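Student: From just these sequences and the hints, can you work out the full model?
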Amino acid sequence: MLSSVFAKTLRERLRAFRWWCLGTVGFVTLYGSVYPSIHGLKVLNDLVKNYPQALKGFVGFGGNLDIASGAGYLGTEVFSFWGPIVLAAVAIAAGSGAIAGEEERGTLDLLLSLPLSRTRCLLEKLAALVCETLALAFVLWILLVIVSYSVGMGVSAGHLGAAVLVLLLFALGFGVLALAIGAATGRKALAIGLSATLAVAADVINALAPLASWLDRVKLISPFYYYTHGDPLRNGLDVSDLLVLLAIVVVFATVAPFLFRRRDLTTV
Amino acid sequence: MSAVIRAESLTKFYGTSRGVVDLGFEVEAGEVFGFLGPNGAGKTTTIRLMLDLIRPSSGKLELFGLDAQRDSVAIRRRIGYLPGDLHLYERLTPREFLRYFAALRGLDGLGEGEQLAERFELELDRPIKALSKGNRQKVGLVQAFLHRPDLLLLDEPTAGLDPLVQISFNELLREVAADGRTVFLSSHILSEVQRLADRVAIIREGSLELVEAVDTLRARAFVRVEATFAKPPPEKAFAELAGVRELERRGPVVVLALEGSADPLIKALARHEVLALDSHEADLEDFFLALYRNGAGGAL
Numbered sequence: 001m002l003s004s005v006f007a008k009t010l011r012e013r014l015r016a017f018r019w020w021c022l023g024t025v026g027f028v029t030l031y032g033s034v035y036p037s038i039h040g041l042k043v044l045n046d047l048v049k050n051y052p053q054a055l056k057g058f059v060g061f062g063g064n065l066d067i068a069s070g071a072g073y074l075g076t077e078v079f080s081f082w083g084p085i086v087l088a089a090v091a092i093a094a095g096s097g098a099i100a101g102e103e104e105r106g107t108l109d110l111l112l113s114l115p116l117s118r119t120r121c122l123l124e125k126l127a128a129l130v131c132e133t134l135a136l137a138f139v140l141w142i143l144l145v146i147v148s149y150s151v152g153m154g155v156s157a158g159h160l161g162a163a164v165l166v167l168l169l170f171a172l173g174f175g176v177l178a179l180a181i182g183a184a185t186g187r188k189a190l191a192i193g194l195s196a197t198l199a200v201a202a203d204v205i206n207a208l209a210p211l212a213s214w215l216d217r218v219k220l221i222s223p224f225y226y227y228t229h230g231d232p233l234r235n236g237l238d239v240s241d242l243l244v245l246l247a248i249v250v251v252f253a254t255v256a257p258f259l260f261r262r263r264d265l266t267t268v
Numbered sequence: 269m270s271a272v273i274r275a276e277s278l279t280k281f282y283g284t285s286r287g288v289v290d291l292g293f294e295v296e297a298g299e300v301f302g303f304l305g306p307n308g309a310g311k312t313t314t315i316r317l318m319l320d321l322i323r324p325s326s327g328k329l330e331l332f333g334l335d336a337q338r339d340s341v342a343i344r345r346r347i348g349y350l351p352g353d354l355h356l357y358e359r360l361t362p363r364e365f366l367r368y369f370a371a372l373r374g375l376d377g378l379g380e381g382e383q384l385a386e387r388f389e390l391e392l393d394r395p396i397k398a399l400s401k402g403n404r405q406k407v408g409l410v411q412a413f414l415h416r417p418d419l420l421l422l423d424e425p426t427a428g429l430d431p432l433v434q435i436s437f438n439e440l441l442r443e444v445a446a447d448g449r450t451v452f453l454s455s456h457i458l459s460e461v462q463r464l465a466d467r468v469a470i471i472r473e474g475s476l477e478l479v480e481a482v483d484t485l486r487a488r489a490f491v492r493v494e495a496t497f498a499k500p501p502p503e504k505a506f507a508e509l510a511g512v513r514e515l516e517r518r519g520p521v522v523v524l525a526l527e528g529s530a531d532p533l534i535k536a537l538a539r540h541e542v543l544a545l546d547s548h549e550a551d552l553e554d555f556f557l558a559l560y561r562n563g564a565g566g567a568l
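Each protein sequence line maps, in turn, to chains A and B.
At position 163 of the first sequence (counting the first as 1) the number is 163 in the working numbering, and the numbers step up by one without a gap.
For the working numbering, count along the second sequence from 1 and bump the result up by 268.
Please note that the accuracy of each hint is not assured.
[As the list claims (entries may be wrong)] Partial selection, computed: residues in chain A whose CB lies under 10 Å from chain B:
(1) Leu-2
(2) Ala-68
(3) Arg-105
(4) Leu-116
(5) Arg-234
(6) Asn-235
(7) Asp-238
(8) Ser-240
[As the list claims (entries may be wrong)] Simulated restraints on C-beta separations:
(9) B:Asp-335 <-> A:Val-200: 21 to 27 Å
(10) B:Arg-286 <-> A:Arg-15: 41 to 47 Å
(11) B:Arg-359 <-> A:Arg-217: 45 to 51 Å
Note that these hints are calculated values from the structure, not bench results.
All values derive from a computational prediction rather than experimental measurement.
The beta-carbon is built from N, C-alpha and C at its ideal position, and this holds for glycine as well.
Tutor: Here it is, written out as structure tokens:
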């Protein structure tokens, strides 16, 4: 049962994961049950149209604020607000716990006294992080498909899948960043704080970009831009966005073992 | 035959603070090597260097003739390690914990863990978080021995063990040594190392003070006598006595090292008014006191 670092890490995460799943079920059900009462309310669209630009940036997904349509509604409620927060939180929690968490609890010394290279240890924990986030994204996708069909949102399973996939990669970027910071420093609080701050900054930069022309270029470094700008709920998967988000994950995953290998482990 | 452990000018600084400085020693196969020093002397640093948990600032460290850093995974396959500051996975039971560690070492089941647990009377199926300090220490010991390692790195292994378990532990160490396997045993207790080790290295403030056979060390053993007088006795009152050296003087309190017969000292003490008298076998601190009073390697 506990036959590898990978299996052990997944088992440790299972307890919290069940709660995340339960919360996801609750929220998606709630969003789905509210949709029929606002669907087709043109007055709502008119209202939103008069929002100041700064606010539109925060609530819009793919630059379209037609929240009375299924795609617009999900884009605003699930994909620009609740979804990124939850998936990034799960990924960052797993990433910061992977090395730094175990180091701060004092068990890493014993684990690495076994014939197990640091790189191997880190990669198994990385694999567990990816599996956990992927599993939650999958649950989210299934729920959204069910809700979309049952309340007639008119968003296809494929488009929902595309949006969930870029959401997953967006979250993994920050999760793997947290893992890399933890692996480089052994400090869990720093790993959580820095990666969460950067995740929020990514959103803010992207949201404020329409307001200031100088931000228009800066937004190109924000993962949030690549996450939202292709509008996958309406247009399906944008492969170039996907590749940028994937590249971010790969870069952090490549740097992390290198940083972990070269330092002294700390004691409690 | 090559040494199991060979350290050469091994130095470790953490930033500017001292870990160990210029360590040089060899440990041969089949010996129990005591690594003795007060807390903070650098014992744990030395062991963590051997496991590649930390990297030396300079110098060379080889285990089984392999480089401690480059060949670490191959080295660790042959090592059993008990940390001085033991942290376990609290949510697991000892059985799950040991099975996990055995699996990561490529063993089925618990390896030798089952017999060892029985020997130490370790309960395998209660969660670790519910175990006493002594029982946790047993879990640590069992995981260190379960793959029959060629080299055991034991950092203060008897901390928290009750006396009966200590006896089983001592027996286990003797069996391991009789088997031709090697034990590196760190401790701050002189008597423990004297009881278990063949040779001993003494480390203090990061540097090796001496490396020698325990029998030689035992020949230097003495009794510490601390006498409190009504008024301070004259400077040379006891210095001339056979087998007696003065270690320390704090007003009316005089600390003496005694070797051989106590009779001359008792008769000399009787000439003064003695308010209190305490005597016990010298421990590590007394030993250091004697060492530095006389200069290293002096007429100890």
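Student: For every hint, state whether the structure bears it out.
Tutor: Results for each hint:
1. Leu-2: holds (4 Å)
2. Ala-68: For A:Ala-68, the interface hint is violated, since the closest Cβ of chain B sits about 48 Å away, which is over 10 Å.
3. Arg-105: Given a least distance of 6 Å, the restraint on A:Arg-105 holds.
4. Leu-116: Since chain B brings a Cβ to about 6 Å from A:Leu-116, closer than 10 Å, the hint holds.
5. Arg-234: Constraint on A:Arg-234 not satisfied, violated at 45 Å.
6. Asn-235: Given a least distance of 46 Å, the restraint on A:Asn-235 is violated.
7. Asp-238: With a minimum Cβ separation of about 42 Å from chain B (threshold 10 Å), the hint on A:Asp-238 is violated.
8. Ser-240: violated (41 Å)
9. B:Asp-335 <-> A:Val-200: 21 to 27 Å: violated (45 Å)
10. B:Arg-286 <-> A:Arg-15: 41 to 47 Å: Given range 41 to 47 Å: holds, Cβ gap about 43 Å.
11. B:Arg-359 <-> A:Arg-217: 45 to 51 Å: holds (49 Å)
Comparing the model with each numbered hint stated earlier shows that hints 2, 5, 6, 7, 8, 9 do not hold.
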